[in-house]
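Number of protein chains: 4
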Amino acid sequence: MLREHEIEIRVRYKEADPMGVLHHANYFMYFEMGRIEMLRASGGDYRKMEEEGLLIVVVKAECRFRAPARFDDVLKLRTRVKRITQAKIEHEYRLTRDGDELAVAQTTVACVDRNGKIQPIPEYLQQDDSSATD
Amino acid sequence: MLREHEIEIRVRYKEADPMGVLHHANYFMYFEMGRIEMLRASGGDYRKMEEEGLLIVVVKAECRFRAPARFDDVLKLRTRVKRITQAKIEHEYRLTRDGDELAVAQTTVACVDRNGKIQPIPEYLQQDDSSATD
Amino acid sequence: MLREHEIEIRVRYKEADPMGVLHHANYFMYFEMGRIEMLRASGGDYRKMEEEGLLIVVVKAECRFRAPARFDDVLKLRTRVKRITQAKIEHEYRLTRDGDELAVAQTTVACVDRNGKIQPIPEYLQQDDSSATD
Amino acid sequence: MLREHEIEIRVRYKEADPMGVLHHANYFMYFEMGRIEMLRASGGDYRKMEEEGLLIVVVKAECRFRAPARFDDVLKLRTRVKRITQAKIEHEYRLTRDGDELAVAQTTVACVDRNGKIQPIPEYLQQDDSSATD
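Protein chains in written order, with this note's numbering: chain A, 1081 to 1214; chain B, 1081 to 1214; chain C, 1081 to 1214; chain D, 1081 to 1214.
Since the hints were made in silico from the structure, they are not lab data.
Don't take every hint at face value.
Below, in silico cross-link-like pairs of lysine-lysine (PhoX-like), each with a Cα-Cα straight-line distance of 25 Å or less [stated by the list, open to error]: (1) Lys1156(D) - Lys1128(B); (2) Lys1140(A) - Lys1162(D); (3) Lys1197(B) - Lys1168(B); (4) Lys1140(A) - Lys1140(D); (5) Lys1168(C) - Lys1197(C); (6) Lys1197(C) - Lys1140(B); (7) Lys1156(B) - Lys1140(C); (8) Lys1197(D) - Lys1156(D); (9) Lys1156(B) - Lys1162(D); (10) Lys1156(D) - Lys1156(B); (11) Lys1156(A) - Lys1128(C); (12) Lys1197(A) - Lys1128(B); (13) Lys1140(B) - Lys1162(C); (14) Lys1140(A) - Lys1156(D); (15) Lys1128(A) - Lys1197(C); (16) Lys1128(C) - Lys1162(B); (17) Lys1156(A) - Lys1140(A); (18) Lys1156(A) - Lys1156(C); (19) Lys1168(C) - Lys1128(C); (20) Lys1197(D) - Lys1128(C); (21) Lys1197(C) - Lys1128(D); (22) Lys1140(C) - Lys1156(C); (23) Lys1162(D) - Lys1140(D); (24) Lys1140(D) - Lys1156(D); (25) Lys1168(D) - Lys1162(A); (26) Lys1156(A) - Lys1197(A); (27) Lys1140(C) - Lys1168(C); (28) Lys1197(B) - Lys1128(A); (29) Lys1128(C) - Lys1140(B); (30) Lys1168(A) - Lys1128(A); (31) Lys1168(A) - Lys1140(D); (32) Lys1168(B) - Lys1140(C); (33) Lys1128(A) - Lys1197(A); (34) Lys1140(B) - Lys1168(C); (35) Lys1140(A) - Lys1128(A); (36) Lys1140(A) - Lys1168(D); (37) Lys1140(D) - Lys1156(A); (38) Lys1168(B) - Lys1140(B); (39) Lys1128(C) - Lys1140(C).
Okay, chain A solo, but in the shape it has when bound (with noise of 0.2 Å):
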């Protein structure tokens, strides 16, 4: 799997609360999307990996919120793997705007089969492709 991988995300009005800004909570849900989608450029489908009955939780999520980012403003979030063991998987975060860094997170997710029973991480997920093109 890759190691890092940036996408663009676009705040939406529903996202952002009486404030003007992007509330807290929805930061993440844009880290889910980071991760899901660096799945994705690394071959991996996570809604397949459900339906064949792994499914990845969150177990640990910490986020240093430093600038807010407001309705319509484009993102760019970086994901980065930041250690994977036979257990979990440790990435981390840093959303910006044009640069100036709006947040940095941790999460740690772990893998379960439908029962909620922990699964090792598979294989494909630990090996290393950051040779491949991000």
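Starting from the structure of chain A, add chains B, C and D where the hints point.
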């Protein structure tokens, strides 16, 4: 099942948009809460219905937005069964704040199984228990 | 302004519900994106409109849901201006996946100022630029 | 202000994801509700604070997700003030269902004015009224 039911909902910060008012898409989530709580007040349990393989899907929805609801407003949502056939249920909704009408709406729902195949509306949903305590 | 415009939307994980399909309330957020992007494609800017004190509010919305959209589906949303008067704009929407119709909808929007007072639809929104490149 | 407060939250259908469980981003919306309701229970009013030009912004948030919350679960959220300085407030959260711990979290919030400029935490938020009725 009851034919009419009322719930109270306080508008959450995240549900309000940059105008400071409840985003129009969120009204439809409130109407769903109205249906689910009317079912509960009638002795039913929508989660259990789904676990048993019977899903309620919205096939049509319409709403007239008359006045905005602001963050932190406490609203009253009146949900009423307008018509039940073997194939579908039509509900009517009236959302108010201190007696002022904010929105009126209608939805049509149908029952499907896990594969999306249309199912007849269960007997117990068709029965009129409006003599029961609301 | 353009009279018709199309955008692509990928269904996000968080937008899908326990049935695994796009929650019906989220369709209305997609329609709003259709309106905002059609305005942008016409040279307009909804954020700027709001900053200048002119807000678009939805006064009526209706949708027929014909088939479910699943998480990760790539959808096409066709937004069309059906009618513009000095007081309101009516839009029509058609949401498809690989040519299959998932939903058709209509909304009516009006313009208000910061105090919620109805304003005439601005001239530049009323003009038909459909000869421009879509 | 109170130093600890508890609210009950029922997980809404739309808040659950294709796994059938509360989406992890929504926990942060719940924590915000915990803060707002603790303020209300203390005699404060967050809407009024915003109207008066004082906004609470989240500058840091972290959460450990220990067990999933399912649609329709009734949860208890315990919100506690961990530390208040002139510049920020740190809250701790504990989300449980029937006594089982589902998540523990921490946030740091600051006060800003309408222009995003940092403001001192108001006196009445700094005062300890924990002898008041919770």
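> Looking back at the numbered hints, which does the structure fail to meet, lowest number first?
Replying inline: Going through the list in order, the structure violates hints 6, 8, 9, 15, 16, 25, 26 and 29 and respects the others.
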